[in-house]
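> Sequence:
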Amino acid sequence: MTVVDELVAGLQDPHRHAGDPYPLYARLRAEAPVLWNDAGRYWVLSRHADVAAASADPDLFCSGRGILTFEIGAQYETPPTIMHTDPPTHTRYRKLVQPGFKPSVMRALEPAIRRRVRVLLDQVVTGEPVDIVTELTVPLPLQIISELLGIPEKEWPRFFEWSEATVPGATDWPEEKKAILRDEMAAYFLAAATERRRHTKGEDIISVLANVNVDGEALSDAELCMFLVQLLIAGNETTRNMLSGGLLALADDPAQWRRLDRDRALVPLAIEEMLRWTTPVIYFMRTATRETTVRGQQIKAGDAVVLLYASANRDEDEFGPTADRFDVGREPNHHLAFGFGAHFCVGAALARLEGRVLMEELLDRSDGVERAGPVERTASEVIAGVRHAPMVVRAR
3 MTVVDELVAG LQDPHRHAGD PYPLYARLRA EAPVLWNDAG RYWVLSRHAD VAAASADPDL
63 FCSGRGILTF EIGAQYETPP TIMHTDPPTH TRYRKLVQPG FKPSVMRALE PAIRRRVRVL
123 LDQVVTGEPV DIVTELTVPL PLQIISELLG IPEKEWPRFF EWSEATVPGA TDWPEEKKAI
183 LRDEMAAYFL AAATERRRHT KGEDIISVLA NVNVDGEALS DAELCMFLVQ LLIAGNETTR
243 NMLSGGLLAL ADDPAQWRRL DRDRALVPLA IEEMLRWTTP VIYFMRTATR ETTVRGQQIK
303 AGDAVVLLYA SANRDEDEFG PTADRFDVGR EPNHHLAFGF GAHFCVGAAL ARLEGRVLME
363 ELLDRSDGVE RAGPVERTAS EVIAGVRHAP MVVRAR
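If you're matching positions, the sequence shown starts at 3 in this note's numbering and goes up one per residue.
Don't read these hints as lab results, they were simulated from the structure. Glycine included, every Cβ here is placed at the ideal spot set by N, Cα and C. Just to be clear, a hint being listed does not mean it is correct.
What the hints assert, rightly or not - Calculated pairs, DSS-like style, for lysine-lysine (alpha carbon to alpha carbon, straight line, at most 27 Å):
no.: 1; residue 1: Lys180; residue 2: Lys156
no.: 2; residue 1: Lys179; residue 2: Lys156
no.: 3; residue 1: Lys156; residue 2: Lys104
Said to hold, decoys possible - Cβ pair distances, simulated, as ranges:
no.: 4; residue 1: Trp38; residue 2: Arg358; range: 36 to 44 Å
no.: 5; residue 1: Gly304; residue 2: Glu372; range: 44 to 52 Å
no.: 6; residue 1: Glu186; residue 2: Pro89; range: 49 to 57 Å
no.: 7; residue 1: Asp265; residue 2: Asp124; range: 23 to 31 Å
no.: 8; residue 1: Gly322; residue 2: Pro256; range: 20 to 28 Å
no.: 9; residue 1: Ala41; residue 2: Glu372; range: 38 to 46 Å
no.: 10; residue 1: Glu219; residue 2: Pro256; range: 55 to 63 Å
Given the sequences, and given the hints that come with them, work out the whole structure.
Dropping the structure here:
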């Protein structure tokens, strides 16, 4: 089977590679780093340098014509997410939410994150199997994004359902059920924003967005939904799957846990390595706005181009001969898990903070983690998700 055939088969059936598509990605980088998928009608860039360069040039590789392959040819009256916009519109939108994630806000959040982490870990019985996803990595980021949005924390199970219904391939629920949940989510956020406009001038993100003016005009209902849905999804999916996959990597390589235990200064580097290793967002798509050439391949104006982050983050040219190893002390680590350029994830600092606090607390109370059963992954071609991961947290 050619690398093209293998790629197409893998995209059509994410379970084909049993959670390990990286040998295929290595073949892509070696045999066809700029590959045309005739069945899907898009190019695939799999090398770090090419993905980073395309990400840094939104004038040439735009987001406004869709960011997922099923959107090729789609047209929107209003952008479904901020990610579907390009500068200068994207720049203006980003400035509206950026204050909610500035360093001072993140520093102020740390005590609350640490309290929540401790409560969740107190419920994890050491020495006994526990699903680390349902008990820890799902609730933590949803509780934190609830606080940022100014929504009651007890609502997080509903937010989880809404998030799962929005991410392509995250569940096997019927489309009718997912549509109902998405409509429920939009109605909830609009009602919350309307209430903030009438009675509240708080500092939570919903209050800020509900009352902001852009060039003298308030955000429309569609724009409010766009912001709030993306903040909910992006605020939990990346963190959840980075933590789940990172803990699995530590379970598979106990020596890395011991390194962290001996040298806690490595924890921030370990979080970056978890992000590189798991690459929670597998790819996003761009569209070429004019003819260009990448590695000798002619890309025409209007061609769709997939930026395969999951491959770029294992590229030997960028990460050297240890690119296929999990290394908590890796430095430098120019991974693309948060994207690159104009679309660099606005919540990156929050994800890093949650990861650091969780690892610090785990290291204080545990002697390591180990697998306790089969891992169930999502069938999404977009998100490298972990549904269930039975693990044992060993007591000190």
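> Taking 49 to 57 Å as the hint, is the beta-carbon distance of Glu186 and Pro89 inside that range?
Violated - the Cβ-Cβ distance for Glu186 and Pro89, about 33 Å, lies outside 49 to 57 Å.
> Taken at face value, is the distance from the CA of Lys156 to the CA of Lys180 at most 27 Å?
21 Å, holds
> Quick one, are Lys179 and Lys156 close enough, alpha carbons at most 27 Å?
22 Å, holds
> Note whether the CB distance of Ala41 and Glu372 lies within 38 to 46 Å or breaks it.
The hint (38 to 46 Å, Cβ to Cβ) holds, given that Ala41 and Glu372 are roughly 41 Å apart.
> Verify the CB-CB distance for Gly322 and Pro256 against the hinted window 20 to 28 Å.
23 Å, holds
> Given a hinted range of 23 to 31 Å, is it respected by the beta-carbon distance of Asp265 and Asp124?
26 Å, holds
> Given the hint that Lys156 pairs with Lys104, test it: the Cα-Cα distance must not exceed 27 Å.
With a Cα-Cα distance of about 25 Å, the restraint between Lys156 and Lys104 holds, given a limit of 27 Å.
> For the range 55 to 63 Å, tell me whether the beta carbons of Glu219 and Pro256 fit it or not.
56 Å, holds
> Measuring from beta carbon to beta carbon, are Gly304 and Glu372 in 44 to 52 Å?
50 Å, holds
> So the hint says 36 to 44 Å: do the beta-carbon atoms of Trp38 and Arg358 match that?
With Cβ atoms ~41 Å apart, the hint holds.
In this structure, only the earlier hint numbered 6 is contradicted, and the remaining ones agree with it.
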